[in-house]
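Here are the chains, one letter per residue:
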Amino acid sequence: MNTGTKLGLKIGLYGGIIAVYVSVIGMIEAFAERDMIRGVVSLGHVLLFTIIVTTGYLAVRSLDQAINPAHVEDKKKISRGQALFTGLIAGLVVAAMIAILALIAEPLKVREVLVNVSPALLEVLTLGQGIPTGAVLLLVLSALLGATGGLIFVLPPIGRKAITSAFIWVVFLGMLSDLIRVTLSRPSIPSAIPRLLVTSNGLSVSGAVIVAVAAALLAIYGRTWQAKARAKIESLPLSGQKAVRYSGWGLVLLLLVFLPGIVGRFPSEVLVNIGFYVLMGFGINIVVGMAGMLDLGYVAFFAVGAYSMALLTTSDARLLGSIQMNFWTALPIVIVITGLAGLLVGAPVLKMRGDYLAIVTLGFGEIARFLALSDWFKPWLGGAQGIIKIPNITIGNFEFIGPQQLYYLFLVASLIVLFISYRVKSSRVGRAWVAMREDEDVAEAMGINTVYYKLLAFGMGAMIASVSGAIFAAKLGTIYPHSFNVFVSITALSLLIVGGMGSIPGVIVGAAVLVGLPELLREFSEFRFLLYGALLIIMMILKPEGFIPSERRARELHEEDRAQDAWLKQAVTPAANPGSSD
Amino acid sequence: MIDVVRTRFMDRFSWVGLLLWLLRAGVLILVLWGSINTLLSGKYSIDNWISLIIAGLAQGSIYALIALGYSLVYGILFMINFAHGEVFMAGAFTAYFVARYHASTGFLERNPLLSVIIWLAVAALVSTIVAVLLERLAYRPLRNAPRLVPLITAIGASFFLQYTFRGLYGSGFKSFPEIEPLQGTWSVAGVNVSIVQVVVLLAAVVLMIGLNWFVERTKTGKAMRAVAEDKEIAALMGIDVDRVIVTTFAIGGLLAGAAGIFRGLYQPQGISAFMGFIPGLKAFTAAVLGGIGNIPGAMVGGLFLGVFESIGPNLILEGLGIPGANQLRDAIAIVLLVFVLIFRPQGILGERLAEEKA
Amino acid sequence: MPFFECKDLVKDFGGLRAVNKLNLHVEEGEIVSLIGPNGAGKTTVFNLITGFYSPDSGEILFEGHNLVGMPPHKITELGIARTFQNVRLFPNMTILENAMVGQHCRGRSGVWGAILGLPSYRAEEARIRKIAEEQLAFFGTRLIGYRLEQPASSLSYANRRRLEIARAMATQAKLLLLDEPTAGMNPKETAELTELIGKLRDERGFTILVIEHDMRVVKGVSDRVIVLDYGSKIAEGSYEEIAHNERVLEAYLGKRATQAEAEA
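From first to last, the protein sequence lines stand for chains A, B and C. Using this note's numbering, read the first sequence as starting at 341 and increasing by one per residue. Using this note's numbering, read the second sequence as starting at 27 and increasing by one per residue. Using this note's numbering, read the third sequence as starting at 418 and increasing by one per residue.
Chain A with its partners taken away, still in its complex shape (with noise of 0.2 Å):
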């Protein structure tokens, strides 16, 4: 058996294993509802042939490793023949083992264990076909599949990326087709267009083409347009160049700033959505990401402030007396309150090694959370009934009901703690953070009060958070235990950790991404957090420092593999100045 058929199965395998896998959990099911192309194709299937096709191409990618070894300059080709066969393989195995649990569901009565193997999803595994003719079909498309993910392998670079491109586009835009709709359909613009494009479920097949083929020529054409923007540019006087890059931060915020009208009232609660954890990420970016202290019951912080906001403005009389101030008067003393509540959890946890004061502020966390639920302190906190009767927010005589409302606040709060985050990472306090995570003895060596700076990063985190929380309460009208649970933390460190830690920029993305998607399209609700895990699980083995990573960062983390380049180069290029130690 040759190297390809033999890799063929092996990455079929593995390929098949995660087939099933998502099959297994429901996903399969879920992605189904939700049509990719109007009568083509849906999520579910997307899903399934994205699976087959990347095992198809890793399947080839590993036989090129195989026959080309690392240190060997003289690369061999596959040839298209090879990869189409070896890609097919590696479809073929992955339906066979999609066809065996769709063969075994019925009579081994799989589903009184693995509760999502229902009719829905055979009926998406054999193509709508049922079983027989199904599963032919399976084999056959899987075949073809795997063999074009084995030639993608092969293509030039150029048809790679432009294929790529298409698919992601389409299957980007086909998720978010609802909100295209919405934005779309508006008196200003003439109805042929949305309808050109999507439809009430998912693209039109017009639509798809139009997407892909619009993809594939940003793809292939892209780089030499932004070469031949960016040169235009630079050639401007200085005062030109400034100008321009003004202007586009000016068109940035104007978007910002109209967003809520263009798309919506429902994808402006997801704005809004997102904005709690922008905030929150920028936040957790000062005490994770900037001073290295890995917080996961940053919840806490949360907490804190949603309930004192709720404790100082609610009208309920039973807790606490009524003091029912306005939310702008209670702001400052809310964010104070958190800010000393940071400080109380910093100061016991300032010696401890990183595993261990994860586990603490976990900990902490969790207490908080019984606590707020328990009886003993239900004559102040309202126990599982938490608080009620918060008002809303109010300027005079404007009040703050909707999310397109609400998203203003948030738009405001984003930006003035972005422009405290930029301003203090690149100051004598963020060096400091720094230096004291690289390497915290020398800090304090060099002058660094290292106890004053680990509880000023909790108590900047903590006031961050409390504001998140403040509008919450106000937000909600009503404040439960419940919503203040380990996951939020969890979400909080993901979107960091995607977006990169320590990265600005990265929080927002990360925030869009891991809190935006699951809001818009409810398939994603249902594994957020499945998904989350896996993603923190494969970036800290790929990409640990996130996909928008502050330089250090990827720096700090690729050590080894910069150390090792370091030398290689070294170890080549010959010796400038035997003697001179430069």
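None of these hints come from the bench; they were simulated from the model. No experiment lies behind these values; they were computed from the predicted model shown. Worth double-checking, as some hints may not be accurate.
The list that follows gives simulated cross-link-like pairs (lysine-lysine, PhoX-like), each with its CA atoms no further than 25 Å apart [what the hints assert, rightly or not]:
#1 A:Lys572 with A:Lys582
#2 A:Lys691 with C:Lys491
#3 C:Lys591 with C:Lys636
#4 C:Lys636 with C:Lys616
#5 C:Lys605 with C:Lys616
#6 B:Lys200 with A:Lys449
Far from chain B, by Cβ distances over 10 Å, these chain A residues were calculated [stated by the list, open to error]:
#7 Ala406
#8 Ile407
#9 Gly470
#10 Val476
#11 Leu481
#12 Ser525
#13 Ile550
#14 Ala583
#15 Arg585
#16 Ser587
#17 Val603
#18 Val752
Using C-beta positions, here's what the derived DEER-type ranges look like [said to hold, decoys possible]:
#19 A:Asn408 with B:Asn137: 53 to 63 Å
#20 B:Ser130 with A:Arg862: 32 to 42 Å
#21 C:Arg544 with A:Asn408: 54 to 64 Å
#22 A:Asn408 with C:Ala540: 55 to 65 Å
#23 A:Gly736 with B:Leu49: 41 to 51 Å
#24 C:Leu433 with B:Leu139: 49 to 59 Å
#25 B:Trp212 with A:Gly817: 51 to 61 Å
#26 A:Ile673 with C:His482: 36 to 46 Å
#27 B:Gly264 with C:Asp425: 43 to 53 Å
#28 B:Gly347 with A:Ser458: 45 to 55 Å
#29 A:Gly379 with B:Gly132: 43 to 53 Å
#30 B:Asn63 with A:Ser458: 51 to 61 Å
#31 C:Asp425 with B:Leu49: 35 to 45 Å
Heads up, the beta-carbon is just placed ideally off N, CA and C, and yes, glycines get one too.
For this one, chain A is given, so just place chains B and C on it according to the hints.
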């Protein structure tokens, strides 16, 4: 002389230090006050306390079995396998289905002992597989990464497993079937003890003794201890370090799986994909209490935690007049965790690895 | 009031006495070498002085302040800075940033200054940068120019040692503690650094306490040499005096070798 004394004192003084000292003192006072109050009030008889203690020991032995998994892995890799609670859950949850099948076909009624043994086998197998997969897929690539990276991975793995099993088996709460012979109580020295508690306790102790024997007497056990001492030298001595690590995870998984069944016997309800999180935290507390990496320590820590958790609410919290003390049972364990990590991270019996410094 | 003084300093680690009733002093403007065989406790003394270990008894006096019980960052503020035996830079910070961290204790601006961009903050940042660059420039062209923005981990070994010294210099300390600054350097680099240490005192006014193994360096820089063995001071004096001191030779070479040497 006074000068030296004064500088010694000023040595330790700082606001943070003061806060911590107050915290220590405060808690000590509260614990004493509450306990004394309760004992004086005579609300509970000696019998009550004894049955609480035995219940605590039974529960604690379950924690001990899970804690061993944490300690073993920490001793070898110096990482906290945050997902170990899910290893425990995986075995228990999977074995539930076997148990359900046995109950429905009457097999359970006819052969209770054989039934339970089969459950133990299934749970141990599943837990071991999950543990080994964790090591192979999630942890091995990160052997040399900075400390926090495997921890974050472990956290990710924990959630991933929780939701995977929710996807596999559904999100409801299940209950293990009751086993006739284990219901009821025995009378031992005039005190009523629940049979299942004694059985669980004894079975767990047998397992722990088995583990001790394995680690101390067998070749693999010796290899494990060598790798825990010094990975590199062990490799130089010809020990297959990777295999030892896998074995360690496997043993931890096995014990956790068994713990899962004991949990199912002792507390049949509440089986779900999320049942591992809090016990995982508590077992970690137990491991740290006994000194992380320290095997007898994990056992002692587990038992101690079980008893503390059992009598704590009644002894301390009620004495302090806190309503709904039993609700706070979990909270007490977490408070203990926090306190141990802050004030005595090396545990009662002392850690194998001293705290990092300059 | 003596510039710097240790009085009856004692440090035990479990059963091992690492520093045994050590008395030493340094006058302002001196360069004193601290030598002794491996394990004599030299780095322990540095750790005690800089506050990383707490002495079991004894005093450490610097310009009238008793350093015992002070947190390390305070000691740095008072004017003592050090380098480490195994170079401990901040590997992923740039060279300039490493040096700027040294200036941390001479700055005062905090969060508010940074956020509001107050003129005082800006002026201070500019000053910090300037002083850091000045210290780096002390070492010639190696650590300046395009190098400023490169990560410290990209430096060659000798340059790392230099950067560490520059960082310590940036603290504007009065007393520099250099722990084996020439370890691992080749002869040319060692000679250059020997000269630089002299310059540190002559041009920049630092008082220096050096731990060294390389006797050429000790000979080249020291006003005075203190010899430790098993935690105790066994000799003190000029280099010439020390080089011929029998006890010192014994400590390094062992009794028999010293006798053989004497008989030869």
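Quick rundown of the hints versus the structure:
1. With a C-alpha separation of about 13 Å, the suggested pair lysine 572 of chain A and lysine 582 of chain A falls inside the 25 Å cut-off, and the hint holds.
2. Distance hint between lysine 691 of chain A and lysine 491 of chain C is fulfilled; the C-alpha atoms sit about 18 Å from each other, no more than 25 Å.
3. Proposed proximity of lysine 591 of chain C and lysine 636 of chain C is supported: the alpha carbons are some 23 Å apart, at most 25 Å.
4. For the proposed pair lysine 636 of chain C and lysine 616 of chain C, the alpha carbon gap of about 15 Å is at most 25 Å, so the pair holds.
5. A distance of roughly 17 Å separates the Cα atoms of lysine 605 of chain C and lysine 616 of chain C; the hinted pair therefore holds under the 25 Å criterion.
6. Of the supplied pair hints, the one linking lysine 200 of chain B and lysine 449 of chain A holds, its CA atoms being roughly 19 Å apart against a limit of 25 Å.
7. The beta carbon of alanine 406 of chain A is kept farther than 10 Å from every beta carbon of chain B, the shortest such distance being approximately 19 Å.
8. In this structure isoleucine 407 of chain A is separated from chain B by more than 10 Å, as the shortest Cβ-Cβ distance comes to about 24 Å.
9. Even its closest Cβ contact with chain B, about 25 Å, leaves glycine 470 of chain A beyond 10 Å, as expected for a residue assigned away from the interface.
10. Residue-level check passed: valine 476 of chain A sits 28 Å from the nearest beta carbon of chain B, beyond 10 Å.
11. Even its closest Cβ contact with chain B, about 25 Å, leaves leucine 481 of chain A beyond 10 Å, as expected for a residue assigned away from the interface.
12. With a cut of 10 Å on Cβ distances, serine 525 of chain A stays outside the contact zone with chain B, its closest approach being about 35 Å.
13. For isoleucine 550 of chain A, the non-interface assignment is confirmed: its Cβ lies about 36 Å from the closest Cβ of chain B, beyond the 10 Å cut-off.
14. Alanine 583 of chain A, annotated as away from the interface, keeps every beta carbon of chain B farther than 10 Å; the closest lies near 43 Å.
15. Distance to chain B confirms arginine 585 of chain A as a non-interface residue, since its nearest Cβ pair spans about 36 Å, more than 10 Å.
16. Distance check on serine 587 of chain A: its Cβ is at least 40 Å (rounded) from any Cβ of chain B, clearing the 10 Å threshold; non-interface status holds.
17. Against the 10 Å criterion, valine 603 of chain A stays outside the reach of chain B, whose nearest CB is about 29 Å from its own CB.
18. Taking the minimum C-beta to C-beta distance to chain B, about 32 Å, the non-interface status of valine 752 of chain A holds against the 10 Å cut.
19. Under the hint 53 to 63 Å, the C-beta atoms of asparagine 408 of chain A and asparagine 137 of chain B, about 59 Å apart, fit the expected range.
20. Taking 32 to 42 Å as the suggested C-beta distance range, the pair serine 130 of chain B and arginine 862 of chain A conforms, at roughly 35 Å.
21. The given range of 54 to 64 Å is respected by arginine 544 of chain C and asparagine 408 of chain A, whose C-beta atoms sit roughly 55 Å from each other.
22. Checked against the hint of 55 to 65 Å, the pair asparagine 408 of chain A and alanine 540 of chain C passes, with Cβ atoms roughly 58 Å apart.
23. Between glycine 736 of chain A and leucine 49 of chain B the beta carbon distance is about 45 Å. The supplied range of 41 to 51 Å therefore holds.
24. In this structure, leucine 433 of chain C and leucine 139 of chain B meet the distance hint of 49 to 59 Å, their C-beta atoms being roughly 58 Å apart.
25. For the pair tryptophan 212 of chain B and glycine 817 of chain A, the beta carbons lie near 55 Å from each other, so the given range of 51 to 61 Å is met.
26. Checked against the hint of 36 to 46 Å, the C-beta distance between isoleucine 673 of chain A and histidine 482 of chain C comes to roughly 41 Å, which is consistent with it.
27. A beta carbon spacing of about 51 Å between glycine 264 of chain B and aspartate 425 of chain C agrees with the range 43 to 53 Å that was offered as a hint.
28. Taking 45 to 55 Å as the suggested C-beta distance range, the pair glycine 347 of chain B and serine 458 of chain A conforms, at roughly 53 Å.
29. Taking the beta carbon of each, glycine 379 of chain A and glycine 132 of chain B are about 51 Å apart, inside 43 to 53 Å as hinted.
30. Checked against the hint of 51 to 61 Å, the C-beta distance between asparagine 63 of chain B and serine 458 of chain A comes to roughly 57 Å, which is consistent with it.
31. As the Cβ distance of aspartate 425 of chain C to leucine 49 of chain B is approximately 36 Å, the hint placing it in 35 to 45 Å holds.
In the structure shown, no violation is registered for any of the earlier numbered hints.
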